[in-house]
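Undergrad: Using the supplied hints, reconstruct the complex from the two chains, each of which is provided in its own coordinate frame.
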Amino acid sequence: MAVQLHDLVVETQALTKRFGGRTAVDGVELRIPRGVAFGYLGPNGAGKTTLIRMLLGLTSANEGSMRLLGLPVPERRAEALAGVGAIVEEPRFHGHLSGRENLEIVAAVRGGEAHRRIDDSLARVGLSARAGDRVRTYSLGMRQRLGIARCLLADPQLLILDEPMNGLDPAGIQEFRGFVREFVGEGRTIVLSSHLLDEVEKTCDWVAIVDRGRIVLQGSIADLRAGGDPTVLIETRDIAAASTVLARHPAVKRVSDDGAALHVALADVDAVPDLNRRLVAAGHDVLRLEPARASLEDRFLEITTRLENAA
Amino acid sequence: MSAIALEPSRSLLAADVLKLRRRRGLVVVTSLLTVGAMVITYGIIELLHVASPATHGPAGGVDNLGHGSWVAAALGAVAAAIVGSVAGAGDLDAGVYRDLVVTGRPRLALYRSRLRGGLVFLLPFAAAGYVVAAVSTVVFAGARPVPGPHLLVTTGLWVVLQVAFYYVLAFGIACLLGSRSYTIGTLLAFRLALTPILASIPALGVVRELVPGVALQDLAPAALGNTVRQGPDVPMSTAAVVVVLLAWAIAAVVAGGWRDTARDA
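In order, the protein sequence lines correspond to chains G and H.
Just so we're aligned: the first sequence equals residues 0 to 310 in numbering that gives the first Met the number 0.
Just so we're aligned: the second sequence equals residues 0 to 264 in numbering that gives the first Met the number 0.
Keep in mind that the hints are not guaranteed to be accurate.
[Stated by the list, open to error] Which chain H residues stay away from chain G? Per the calculated CB distances, all over 12 Å, these:
(1) S51
(2) V70
(3) L191
(4) A202
(5) G256
[As the list claims (entries may be wrong)] Quick list of simulated restraints, FRET-style, between CB atoms:
(6) G/G20 - H/S8: 42 to 48 Å
(7) H/Y181 - G/G20: 26 to 32 Å
(8) G/G94 - H/W257: 25 to 31 Å
(9) G/R75 - H/D232: 53 to 59 Å
(10) H/R20 - G/G140: 28 to 34 Å
(11) G/G19 - H/I196: 40 to 46 Å
(12) G/R75 - H/V137: 57 to 63 Å
(13) H/L107 - G/N165: 29 to 35 Å
(14) G/P73 - H/D232: 49 to 55 Å
(15) G/E89 - H/G224: 56 to 62 Å
Keep in mind the hints are simulated off the structure, nothing from the lab.
From a predicted model like this one, the values you see are computed outputs, not experimental measurements.
C-beta: ideal position from N, C-alpha, C; glycine also.
With the rest of the complex left out, here is chain H (with noise of 0.2 Å):
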């Protein structure tokens, strides 16, 4: 018998964790997008390094911190597409949302539930990806520059919540559109195609600040330069980096609660 005999919200919040957590394809294409990048990344570097030394550098040290963590937020936003849309429209796809609603419990609150369910399942899997990463960059740093402990915990925030907002925006859109495959689509596009695209039009000017992928990458850490940048920098201050990723967020979960509290069940 599982555990799911706690107060009522954290049992709600365990159902949610654990629909997510008993597809298997979803935990073992997360893994991959997370740990298991992270493993074969710097496994790979590692190991041409050890092959011949003379070609390739080490795998670790502070500028393959930088490469690793843009393929951790790259592959991570891919994770949190995936994972948004099944907690979001998951329920709906299956057809047991309108017996969820049936029980009385007010839409909203599963609402938040599934929100809360996905970032439980999603973040640990994000954070231990990282933690690969960080490891390996101080393990194999070699001759190069070990990163500090501050570098290393503020680029681990910056992939986190690159990974916890790309989510936010899955999970609401999916909401929105009570559709995983075009809520998947749509989200991957925007991010790995149009947002470069976007981000290296100057013409575009001050518009382009409205793109998060834009904002996201201007809260990368300074000391990584350029290793983890897609496209050229556009400069930002920190409050306007907060209000266009806020104003995003805010945006998608207003859309997909309204959507999910409204719609014919």
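Pulled out of the complex, with its shape left as it was, chain G reads as follows (with noise of 0.2 Å):
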């Protein structure tokens, strides 16, 4: 999907962030298109909470420069930032104050039209009925939906939100899942920074992918599947020993055993056929050859493979 240039919600310019002689974001080109859920994906430590903590200006960048909403930042920050809404780590409030004070603070400080909306937001995330409950009463589930109802505050353009998943359960996830679709239904861009590999997958379209402070991928999700090696999945009575020969083939450029079938990458697909035969011809019997979906992590591995191979 081509992005043009004025459709970008956010934009950076080698962007880069040091603590002493420690550089967390380095020279980071980011492409962030409006409407859509983006993934910032990476390891714990990759620099993505101190990207996003830049571009809130909540600590300065050492290098580069930051679009947000189409403003450049720290320029017009306040301008920017009216029509955003983050979470930067947890979810964090006035525990002696209850769900609906939290938000009459935030929404004084936002000024505008954020006080009418304040009902709006707590019934859009269910919590009209504990609103006037102490927020240290609430389960960390409750506190993250609170969380998104600040940001709802100031009806952003842009939801940035910093590991969102963390410390909720299965059902929570589906719930802040279901959130994150219902927002981009909407026309909203939100941005979901997470070391969860899956969990970008099943939420986001687009992702950018970041190791040690530099961004080594980024695109929609469905052109980085579409954009790695064809896969097929291989299942035998004995997949260890058909490994080894599937291995040999010319044409294969990794396998790897899920416990149940191989996967297969192949430099060619037309080579399928010419595998069949090699496993019958070695005694194997061949009980699935299917064409697999290559999934993010695929992808993933593929690229940290050959950046490591590269080193």
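TA: Right under this line is the structure:
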């Protein structure tokens, strides 16, 4: 999918942040298109939260430039942030205040229409009935929902959620995923940072993969999947022995084993009939042979393996 | 529904007051250190007087206005340290400071509002405590000289000034350190221990005038005499008193504001 420049809600150029001698964010060029769920994916310590904090003006950049909703930041930070909602790390509140009072405080800080959105925001996340209770009595899932309600006070075009699934139970994760899809359906852009590859794949349309402060890949998940090596799934009675046979074939790039079947990445998809013949000739009963739907994980492993080999 | 739907700066101020007045512990402690302390002080003196008029004088009169004002100022400074530290570092302690910063509202506006919010919360308690003292000194004066309106007003302003001054110091230090407990500890040690020690060392000479407690003591109404003195008298000109107090307050506000706007949220 081609991205027009005016469609970008976040755009960074050579963005760099150093803490002493350590570079946490290293020349990041990030492009986030409008109206998608965008996953910012990387292992812990890859610089995801630092990048978010720079975008939101919580910490300054050492080098590079940023645009948020088309506006340069920090120069026009206040205007840009008026259209942004964010949860950085875990959602925190004044525990001695009720959920509604916490929202009233943020609404007072935001000004404008924010106060009138409190009731709708609480209803939207299903907290109307508990809005009068002190936040210290809320579960983590409820605090996460209250965090979203707080973001909605801005009627945001862009929501930035830093590791939002951390600590949530499966029902909470499912619910959160539902919120993300709803918001995208309303034309909002969601940026979701995570170290959970599976979660990003299930929730997002676009992704940037970050490693040691640098973006190693970004694009739509569909394009990334399609851009990988063709892969077939092969099941035999003895997959370990079959793996040895397949690994010798010149068209096979990688063979991995999920315990039940082999995932065989190919340089040339026309080699599939020959693979089948070789397995049968080697005495293996081929129980299943089908194209595998490439996952983001396969693509991620492919890229990181390539990077490691190049290093 | 509460009433934080006012114009932007007023609603921000109302929000900052709300954060303080909904802390039950803070309200109770502040009440006790201001109103409660005065009720207890004058109540006990009057009860002793009623029980044994021959050995205990009445709770009112000019002298007891001085004693009561000294207690109100000393405990008011403790309340000011507590409220100032919560107003200054409460958002940071709760972890919500960054959530306020990401709204795009300038940090300086948040800082100013918190500073004013704490004063709006604290000063009514200090004033109410003093009203208890003032009324008691008039009602329970008995045969003692009754303080006049001018003395009552100037003494009240002196008490409220002390409370406001130590609040500003506490607020600035809390923003600078980002910690409530360090702020309270530092300020109480300074106000209750270090100030009387420094004031009672004549060898320090004019340096003693730089101690804010000494300057504040110099502002006490002369009619109260030694009843409000914590240490020896260090005479200062009014101009010097104003300069010393302003210098401390401005230094605290500027240092706290600088740290608040420059810190990684």
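Undergrad: Now tell me if each hint is right for this structure.
TA: Hints, verified against the model:
Under the 12 Å C-beta cut-off, the non-interface status given to H/S51 relative to chain G holds; the minimum distance is some 45 Å. Every C-beta of chain G lies more than 12 Å from that of H/V70, the closest at about 29 Å, which supports listing it as non-interface. Residue-level check passed: H/L191 sits 28 Å from the nearest beta carbon of chain G, beyond 12 Å. Non-interface status of H/A202 relative to chain G is upheld: no Cβ of that chain comes within 12 Å, the nearest being about 46 Å off.
No beta-carbon of chain G comes within 12 Å of the beta-carbon of H/G256; the shortest separation is about 17 Å. The given range of 42 to 48 Å is respected by G/G20 and H/S8, whose C-beta atoms sit roughly 44 Å from each other. In this structure the supplied range 26 to 32 Å holds for H/Y181 paired with G/G20, their Cβ-Cβ distance being about 30 Å. The hint said 25 to 31 Å for the Cβ distance between G/G94 and H/W257, and at roughly 29 Å that hint holds.
At about 57 Å, the beta-carbon gap between G/R75 and H/D232 stays in the expected band of 53 to 59 Å. Taken as a hint, the range 28 to 34 Å holds for the pair H/R20 and G/G140, whose Cβ atoms sit roughly 29 Å apart. At roughly 41 Å, the beta-carbon separation of G/G19 and H/I196 lies within the given 40 to 46 Å, and the hint holds. Between G/R75 and H/V137 the Cβ separation comes to about 60 Å, which falls inside the hinted range of 57 to 63 Å.
Hint check: H/L107 to G/N165, Cβ distance near 33 Å, so the stated range 29 to 35 Å holds. About 53 Å separates the C-beta atoms of G/P73 and H/D232, a value consistent with the hinted range of 49 to 55 Å. Take G/E89 and H/G224: their Cβ atoms lie about 58 Å apart, and the range 56 to 62 Å holds.
The structure shown violates none of the earlier numbered hints.
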